[in-house]
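Colleague: Protein sequences, first through last, are from chains A and B. At position 249 of the first sequence (counting the first as 1) the number is 249 in our numbering, and the numbers step up by one without a gap. To convert a position in the second sequence, counted from 1, into our numbering, add 1000.
Warning: the hint list may mix true and false statements.
Which chain A residues stay away from chain B? Per the calculated CB distances, all over 12 Å, these [to be verified]:
no.: 1; residue: P25
no.: 2; residue: P43
no.: 3; residue: P48
no.: 4; residue: A54
no.: 5; residue: L103
no.: 6; residue: L120
no.: 7; residue: G123
no.: 8; residue: I150
no.: 9; residue: F195
no.: 10; residue: V210
no.: 11; residue: T238
no.: 12; residue: A273
no.: 13; residue: F291
Partner residues aside, some chain A positions facing chain B, computed with beta carbon under 8 Å [claimed, not checked]:
no.: 14; residue: L16
no.: 15; residue: M49
no.: 16; residue: L114
no.: 17; residue: A116
Which residues of chain B face chain A? A few of them, derived with a C-beta cut under 7 Å, are [claimed, not checked]:
no.: 18; residue: I1008
no.: 19; residue: G1032
no.: 20; residue: L1033
no.: 21; residue: V1036
In short, the hints are calculated from the structure, not lab data. Glycine included, each C-beta is placed from N, C-alpha and C at the ideal position.
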Amino acid sequence: MTDTSFYTARAGEPELKDYFNLLKPRVMSLVVFTALVGLLVAPQGVHPMVGFTAILFIAIGAGASGALNMWWDADIDRVMRRTAGRPIPAGKVTPQEALAFGLALSGLAVMMVLLASNFLAAGLLAFTIFFYVVIYTMVLKRWTPQNIVIGGAAGAFPPMIGWVVATGRGSLEAVCMFMLIFMWTPPHFWALALFMKDDFSNAGVPMLTVTHGHASTRRHIFAYSVVLAIFAVGMAFTSIGGPVYLLTALVLDGLFLKGAWHIMARDTDMALADDYLAEKKVFKLSLMYLFLHFGALLADAVLKSLGLWGGWV
Amino acid sequence: MIKVEHEIHHRRLNRNVGVGLLLVALIAIVFGLSVVKVTLGHNVEKFDHVLRPALEQTE
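Just chain B, same shape as in the assembly (with noise of 0.2 Å):
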């Protein structure tokens, strides 16, 4: 079993760490801006294949 700390690891340990918290921010964007889509208002509901007048009138 390697036991020995070597400095590498630790090199390792703050990449990865950051990379985590990079990752976590831009779940936290994508996240915050769907919220903010939705809450603007937009219309999220596009055509699905088929005819929805209701929707045509306010394209």
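The following block holds chain A by itself, in its conformation from the complex (with noise of 0.2 Å):
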């Protein structure tokens, strides 16, 4: 053995960046947003030092379940063109690095939230890791095609997490803030995996659109478009809706509504005609829609914070 060798046994040392990709950046910026909306509609408020540091853990707990996912699935991220990038399969980051990671900013970011706020908040945030990880990751990712559907449950905890750390506990606008995000999650990833040729079937993972075809995929975007309608204009009922969440809850939807009836109406022939035109504007609408909807549940709570509006009754 010579000096160098220390240098050269390892090409792909880590550095800071691998450990944060770990953290999936791109969905904790999704969890920062809605938790803190969660927490920012609910009527009681919290201390901005309590919000900032039960928000901050939220989206570490998050990222950890990322790292967590990335450790179990390392096998299947080597063989998709989307992930092979990614710290593990790369090189850069080894799966028990990953692993050692995501498991001590779990427990950190549990312990932090129960010091910022309270066990519901705490204990939601362990379950949502959890629920990610194990019934989702482990369990379900591989063995069924609604995998999505139920696997949805874990993105859309964040917002109830943050309305549980103002109030202390949960309430039916916390489930319908769940319920958006939940009944969103199917027809965005459905209509994402109409047109993009990803290698899911390579890997082992069960996409509705190769177990069941494109047919059957369309007319579940359509019926879990409707639900979601459902529970979205619904919401503008409830204590944390106002005007500007209404019209934009109807004017979303409605275009929703009528970009998956047009996916369902059509067919692969007519959607590679025009390259799956109607599939990429539902897909890019939906990146839209949560950042609109729970921005516009925030506008309320400014409107109602300066007397501007004072609930439907």
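The two chains are supplied separately, each in an independent frame; assemble them into the complex guided by the hints.
Modeller: See below:
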């Protein structure tokens, strides 16, 4: 062994940004936003330091579950083009390091949310991490084409946790915010799956487009969009809804339903003829959908705090 | 004695400095949170294996 062998034994020594990438930063940005809205629209306020700590560690908890997901899924991430550049398949972080990192951050995040707020919020965060890592990643993902549907619950918890940080309990409004993300996830992913020729099937992941075909996926997209629209518009008449949210929900859900109907009315030949134009439109709309809905909730909360809106009754 | 500065030393230094800053930030957050919790006037006294009638009334 020479001195230089110490330096060449591991070509891809990890940098901080490799660990940061294990946290799925793009998913974390949505978690921060929705959890923050859940916290801010709640009737009770919290001290800014408490709110900041809670949101930060809810996001870190979500990131930790992402790292544990990458640890478990390293074998299929290596096969799929979209995920081949992630830190583990790229050889920058070892699976053991990702596991240790994910577990340590999960524990830290739950503990810090407990310190900042209450048992229920910390328990919900712990359950979210468990649900995403064990129920979704380890069990559902490779077993059923409904993986996206049930797994979507993990992404739907953050606004509910934000709400519980402020109020200390669950409520109809928290459930509505949960349902908005829960029902949005399937049409969002299936619209993408229709036009993206990803290699899920090579990786052994059952996607609805592969197991049940495109026609069935198109019907599923429309069915979920109808239920989504009912929850989305219905939330306008709860205590957190208001004129801005109602208008936003009516316009966006009208457009979303129109697009989903259009997708259902087409077949693969028609989609190929215009390069999946309708599917891509609905997917792009779905990207804006959550940000605009939650943004509208926030706008109504501001109107309320300024005394410009006093509720429906 | 090895004096040659290898690229990997530089990368490790960056990483160690980064980890150090993150730890300092964590300490600042825990400290800040403690200050806020105390100044908010939350009840910091709890039962400590002995009966505390005074606390019982405030619970």
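Colleague: Confirm or reject each hint.
Modeller: Results of checking the hints against the structure:
1. P25: holds (15 Å)
2. P43: Check passes; 18 Å lies beyond 12 Å.
3. P48: Non-interface label on P48(A) violated, nearest chain B Cβ at 9 Å vs cutoff 12 Å.
4. A54: violated (10 Å)
5. L103: holds (17 Å)
6. L120: holds (17 Å)
7. G123: It holds; G123(A) is separated from chain B by about 19 Å at its closest Cβ, greater than 12 Å.
8. I150: holds (34 Å)
9. F195: holds (39 Å)
10. V210: Holds: least Cβ distance 41 Å, greater than 12 Å.
11. T238: About 29 Å separates T238(A) from the closest Cβ of chain B, which puts it past 12 Å; holds.
12. A273: Since the minimum Cβ distance to chain B is about 51 Å, A273(A) lies beyond 12 Å and the statement holds.
13. F291: holds (27 Å)
14. L16: holds (4 Å)
15. M49: holds (4 Å)
16. L114: Hint on L114(A): violated, closest Cβ of chain B at ~11 Å, above 8 Å.
17. A116: holds (6 Å)
18. I1008: holds (5 Å)
19. G1032: holds (5 Å)
20. L1033: Given a least distance of 5 Å, the restraint on L1033(B) holds.
21. V1036: With a closest approach of 4 Å, the V1036(B) hint holds.
Hint compliance for this structure: hints 3, 4 and 16 are not met, and every other hint is.
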